[in-house]
Amino acid sequence: MKLIRAQFSNFRLLRDLTIDFATDPKRPLTVVRAANESGKTTMLNALQWGLYGDTALPNGGEGMRLHPIDWDAEADGGRVPIMVTIEFEVTSIRRSPTGFKETRKRYRLIRSANEDVDGHRFNRTQSSVRLFALTDAGDTPLPQPEAVIADELPFELRDVFFTDGDRALSFIEADVAVSTKRDRVQRAIRSLLGLGVIKDAMRHIEKTAVEINKAARKLGGSEELGTIANRLDQIETDRERLIAELTDVRSSHANLDGQIVDIDRRVTAALEKGDREKLASDIASTRKEIDKIDVQLEAAVKEHAALFRGIDLARGVLGTALAPAYAKLDALYDRKEIPSATIPVLEDRLGLGSCICGESLSDDNEAGASRRRHVCELIEKSRQADDIQKMVTALYFGAKALGPSTDSESRAFREAFGAVVEKRDGLQDLRDENGRKLRALELQLDEMPDTDVANLRKARREFENQKERVKYREGQIDTQLSGLGSERAGLVERRDSLLREQSKGARILAELEVATDISGVLRRSYDRITSEELAKVSNLTNEIFLDMIGADPDQGALIRRAEVSKEFDILVFGPSNRKLDPDRDLNGASRRALTLAFILALTKVSEVEAPNVIDTPLGMMSGFVKRSALRKAAGLSSQLILFLTHSEIEGCETILDEMAGKVVTLTNPAHFPRMLVNDPGTPVRQVLACGCNHRSHCSLCERIDDETVASVA
Amino acid sequence: MSDKYFNPFASVDILVPAEFKDDFARYCQTGGRAVIDYSPFPRMVDLWFLAVCVAARKGLEPAEMDRRDTYKIIDGSIFSSDPWRVHTLMLIAIARSDEIGIVIEPRRMMNLANGLATAGFPHVIDMLKDGSAEPIWNLSEAIELLEREAA
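Protein sequence lines, in the order shown, are assigned to chains A and B.
Quick note: the first sequence, position 248, residue 248 per full-length UniProt numbering, numbers continuous.
Quick note: the second sequence, position 89, residue 89 per full-length UniProt numbering, numbers continuous.
With the rest of the complex left out, here is chain B (with noise of 0.2 Å):
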């Protein structure tokens, strides 16, 4: 990322309801030993984030986070990598709100992302499990079909 960037994420927590915890064990390749044919994602945040574009994308209104049991799955530092994640949420958050000014508030922009993510990680869940193949290839099929559809 160049100098100029600035990632208004960097101190703020990516959340994860409790009971997803399993999926991300099995579904992410952290921690090593993954067989990547079933285990698609190379992090945890590139099954958060794919559920935050699902969400946004199907329309789903975001989960109520606070009364949630929530764990950390890592911070919005990962982002300063990926620029370009970072505008999406920030567009994503602009499109939810109509509010132009939230790009100030970063709190309020991840939590609307978290409530995002924990709406979508049943329907990403269901792409990696509905087909015949192992769930690298459902996965695909399932965001190619959306792709095509969007098109």
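Just chain A, same shape as in the assembly (with noise of 0.2 Å):
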């Protein structure tokens, strides 16, 4: 999908308002320029509500006034008609019998609603969209417009093709819990490639399998089968209604997580301030530390636990046991029979011609040849004896390594363990110690005379505790659900077996058979297809990453390589694989370049042609990196849309020359006098746009330069 015009009407700065975007896939940039407050975030929020209504906007758009703020209801009428109008292109590919035909349909969306305006009040009317499809012939209205954006831009998406240079630190940023973090990258994901339709398919196949099992239940001719269907009817309504509540409660578990964290944030920065900032530090960096001994702690169990898969538990526990087989292999080996090689010896002296005595070998004499056909009886002999010589000869070889211990060999598993518990016990104390140290500090915090840290830390006490119920639920629900996969195991078992027995219940075990199998089926391409596509977008945000910040690894850059890991947490990494939080180790500029390499990796592995509308997305960015991003979005965007402050474009102008296909200029009259030279002489509080690209600017635009502001103020 490409943008190509939009129209805004009383869209609250938009009053009348219409851009034209570029759709030149050699210069697939659109820049809108504007100062701030000069209407980008606004025209962000119009497109969205354009294609997705009130849902997309902040909030939901409750209590969000549409209407222009300087509405006069007296001179223009109490209602105010809110209207956007989007033209866009569609391209389609199918097949013909010529090869594939590629196809592009235009479409005009309309979204309108009307507000009643009364004095500070207004109440805004449901709206209403149409989609037109534009053709020679005409303007053909068409059914379910929704169903249309759905498919080229599905809502779950939004955060993908729109964004600001803020929101989409949302997939990084630490002031969330890690559980809503993942949630975000993961729905991304997931919903790009389409995975819906696996999901519908697979819900599909479990009912069909409850149907199947009913008609089990009304076959009759056993007691039994009736009894079984029915508690497979009872179990699967339970597991419905327990797989319901488990995604109620994890929701609830990840809310209270989000809780959580905000409250720490909040008593973070009511602790930043005076002589409570010492004590901030030392609880920030206390904790830190835990987190730290904690994964410590974490891989040490781990090592633990390797101790028994490995080759040290074997030669420890088996002690001498295998002496015997050892004496039979070692006087194997003493009587040569192992290696194997006999064969190839005979059969070259049968080549030869002559035995390794030198006694002739040849069939001219009857001495010769009564010695070759002892040789050949040989040869066969030796060739039964040759599997076993084979495998013996590899194991022979091959177990040394199992065989009688040197002394340090003989200690091996308690060397391995006494390290283990030495790193153990170690991490532990030193895990008990600082949670000693933390305790101590927030008894000291909690001591303060601050009403409100002393709440906050109060609610999130109460918090905790709500966790500790719902991770309990938790707990409960997985118990329950995992004994009614065991009891359906069963029962299964017992009606597929008495389904045998009768004439009639073979077709019916057949269809259930195929319904298990397609749901196997459907499974393992929803988890392939997710992890597949997981690494690929990992990749692709990798390469883009590093080369927007210009991180070079073997010139030893600091930040080595970032990553979007199988738990859906995107990560980066420093000399050493060491891990940084890139949301507290990276700066302003990295933090943005990681989140757009993201969202353009999305964006490019999911194949899907659609715009990627962008909010300032290179504030706190300068020099190489503003340059690289911008440069590398552009070339990676099918259609890139970004509203970009003058500050922004400032050393930018040539990649503009080169990329950008439109180039429109944003202009709020209200900044007359203090920062337009000219009056654009308008009554009306409005965004108003001239053609004015990168480089000029006209009498509407022209500004009065920064410095001469800053003297002025």
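These aren't lab readings, by the way, just hints derived from the structure by calculation.
Backbone N, C-alpha and C define an ideal beta-carbon position, used for all residues, glycine too.
Any given hint might turn out to be false.
Capping the alpha-carbon separation at 30 Å, the derived lysine-lysine pairs in DSBU-like fashion look like this [stated by the list, open to error]:
1) B:Lys21 x A:Lys423
2) B:Lys21 x A:Lys471
3) A:Lys302 x B:Lys72
4) A:Lys328 x B:Lys58
5) B:Lys129 x A:Lys471
6) A:Lys302 x B:Lys21
7) A:Lys302 x B:Lys58
8) A:Lys288 x A:Lys302
9) A:Lys26 x A:Lys604
10) A:Lys302 x B:Lys129
11) A:Lys437 x A:Lys400
12) A:Lys604 x A:Lys423
13) A:Lys400 x B:Lys21
Label pairs and their calculated CB-CB ranges [claimed, not checked]:
14) A:Asp581 x B:Glu149: 46 to 52 Å
15) A:Leu352 x B:Ala63: 52 to 58 Å
16) A:Ala327 x B:Glu64: 24 to 30 Å
17) A:Asp527 x B:Glu64: 37 to 43 Å
18) B:Glu149 x A:Glu303: 21 to 27 Å
19) B:Ser97 x A:Asp517: 38 to 44 Å
20) B:Ser97 x A:Asn365: 43 to 49 Å
21) B:Glu64 x A:Asp581: 54 to 60 Å
22) A:Leu352 x B:Ser97: 36 to 42 Å
Both chains come to you apart, so use the hints to assemble them.
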């Protein structure tokens, strides 16, 4: 999908504005140049409202005024018509007798709503949307415009296609729970891959299996079959209920995590003043230290468990139990029965026509022929024993590591275990020490005469308690589900066996098996697509990110690589594979570059042709990183629409010369006389557009330069 | 594993009596969500293999598997990444049968190993339970003792 044109009418500052977007694949960049308060964010919201309605507005549009703030109800009427019109084109590819055929279809989408204004109050009507197919024959209205939009720009991917520099950081920001960030990344990736279709199919197959089970119940002939079918029905109902409850409980868990993180942030903010600053910093560094130790402890425990799958364990346990086997192998070796080399030697002698003792093996005389027959018999016998010899030879040489041990090998398990004990105990002591330190610091904090912080901490404890209860319930549901799963497996086995005994049962059984097989295939496809595509997104994110920030791992750059992990975390690594916290250890420019790289990689991997509309993406960036991020983004996106301030554009003019197919400048007349040179001459608050590009200005958009503004201020 | 190596157990099933199903669920991390200190074995095959080794070490008679209600935990292809385990099973089979020729009979060797594992499970479970600490520590100490006794 590509945006062609957008028209805005009475949408906040956009009273009457039309923007054309670049659609040339060689110059896919549209730049909307605008200073602060000149309609950039408004336009981003307006485009999303046009496509998705109120749900796309901040807080679902609740209490958000859309009409211009200075609307004169007395002069212009109390009802304000608000309208956004978006023209776009969609490329579709279909098979034709001569190969693949690409067709482009153009559409016009119109969303409108009315706001009834009464003083400071207003009431917005439900918006209505219409979609027209634009053809040479005219405009044809289409049913279900939402479905077309959902196909081309799914709502779940709104954060990928429409974002701003700050909101893009939501994929990595530290102020939300890990689970929330993972959920955002996961949702974006899964939506992009269109996995909803497979999910729907899985649900359909599950329902089908339930129906087939009902058919089994109706089969009659066996009371037990009926009882089992009833119970299976009940189990399915219980499972559905429990799965729904588990989803709710997990969502509550994530919410509580978010609230706890929020309180921590507020407490930290409250403490970051005056004498409390040191305490806040001590608590934060102790928590960080504890987190670090917890990671090391977890690794040490895994190391401990790994002892139970190693060769040292087998050697330690077996002791001398294998000695009789080694004695047998050694005896074979001493008798030169291994390694097996008899056949090649004998065959060699046959070929030469003489024995190793010098006697002839020729068929020309009787003695030679007799010796030749004897050698052939020896070869045949050796062949029969050859399979065993091959295995035994491989075993003799391959199993040396398990053989009679040296002194150090005989205590290898003890030594490895000793090292693990030392590590675990040492880390546990450290953990306890830091835990005590943290509790003491928190106590100091509680005793501070700051009721606000004390209350926040009380609320935090309450949330922690709630979280414990939620986790407890999660565990209970998990256990119940696991129990139902086991019971179901047993019942299914018994039901299948009963069905086999009946003639009509065979068909039902076959249907059930088909349903189970299809369900398995869908599940495996779902998992496989997810993991394979995730790896692609991860690799491309890394490539784009390192390019954008100019990091060359071979030149000793601090940032070595970025990765989207299997757990859907966006991670960054430094030297020695040290994990960096994207939100804390990266500067503002790198953080924005990282999230931009992720968004661009997602769009690219999905092979979806869709616009990336980004508000102020280059803020906090400068120099090389800014230019490189811009060039990379314009090169990768099929249509890139950037809302840039004048300072973001500074230094990037040559890139815009090369890649920008359209540039438009927006001006807010209210900036005269402080920031604009000329009076735009309009009495109402509204954003005006002109065709000036990144290198030019006109009487409408000419600005007083920053230094002059500063000196006047 | 190198290309030269051949795993004779690749298509042979590893079987466990149904009566130990709960113990496997309890002491193995398979299936996730496990607390390692209470479920020390990374995989089910690790518990099975330890039981084989313990039975071999203690000279236990292999249990009769034919008439038991068993279930498959995995097949022998899992040993492809650990050739030393294949060697161990072959050496145990030679030591127990006193026949070199057994090495070309993977099913017979696996039947013996399954029987030994079944005989060894109660001992391994005792090792996990005996002690005042979590199973991982009880087991580690029991193995340490076995190794010390062998030295």
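Results of checking the hints against the structure:
1. B:Lys21 x A:Lys423: Roughly 33 Å separates the two Cα atoms, so the pair is violated.
2. B:Lys21 x A:Lys471: This hinted pair holds, its Cα atoms lying about 26 Å apart.
3. A:Lys302 x B:Lys72: 26 Å, holds
4. A:Lys328 x B:Lys58: 20 Å, holds
5. B:Lys129 x A:Lys471: 27 Å, holds
6. A:Lys302 x B:Lys21: Holds: Lys302 of chain A and Lys21 of chain B sit about 23 Å apart, inside 30 Å.
7. A:Lys302 x B:Lys58: 28 Å, holds
8. A:Lys288 x A:Lys302: Holds: Lys288 of chain A and Lys302 of chain A sit about 21 Å apart, inside 30 Å.
9. A:Lys26 x A:Lys604: Holds, at about 16 Å.
10. A:Lys302 x B:Lys129: 20 Å, holds
11. A:Lys437 x A:Lys400: 52 Å, violated
12. A:Lys604 x A:Lys423: 45 Å, violated
13. A:Lys400 x B:Lys21: Not satisfied, since the Cα-Cα distance of roughly 34 Å exceeds 30 Å.
14. A:Asp581 x B:Glu149: 46 to 52 Å: At roughly 49 Å between Cβ atoms, Glu149 of chain B and Asp581 of chain A fall inside 46 to 52 Å, so the hint holds.
15. A:Leu352 x B:Ala63: 52 to 58 Å: 56 Å, holds
16. A:Ala327 x B:Glu64: 24 to 30 Å: Given about 28 Å between the Cβ atoms, the range holds.
17. A:Asp527 x B:Glu64: 37 to 43 Å: 40 Å, holds
18. B:Glu149 x A:Glu303: 21 to 27 Å: 25 Å, holds
19. B:Ser97 x A:Asp517: 38 to 44 Å: 41 Å, holds
20. B:Ser97 x A:Asn365: 43 to 49 Å: Because 47 Å falls inside the window, the suggested range holds.
21. B:Glu64 x A:Asp581: 54 to 60 Å: 58 Å, holds
22. A:Leu352 x B:Ser97: 36 to 42 Å: Given about 41 Å between the Cβ atoms, the range holds.
Figure legend: structure checked against the earlier numbered hints; hints not met, in rising order: 1, 11, 12, 13.
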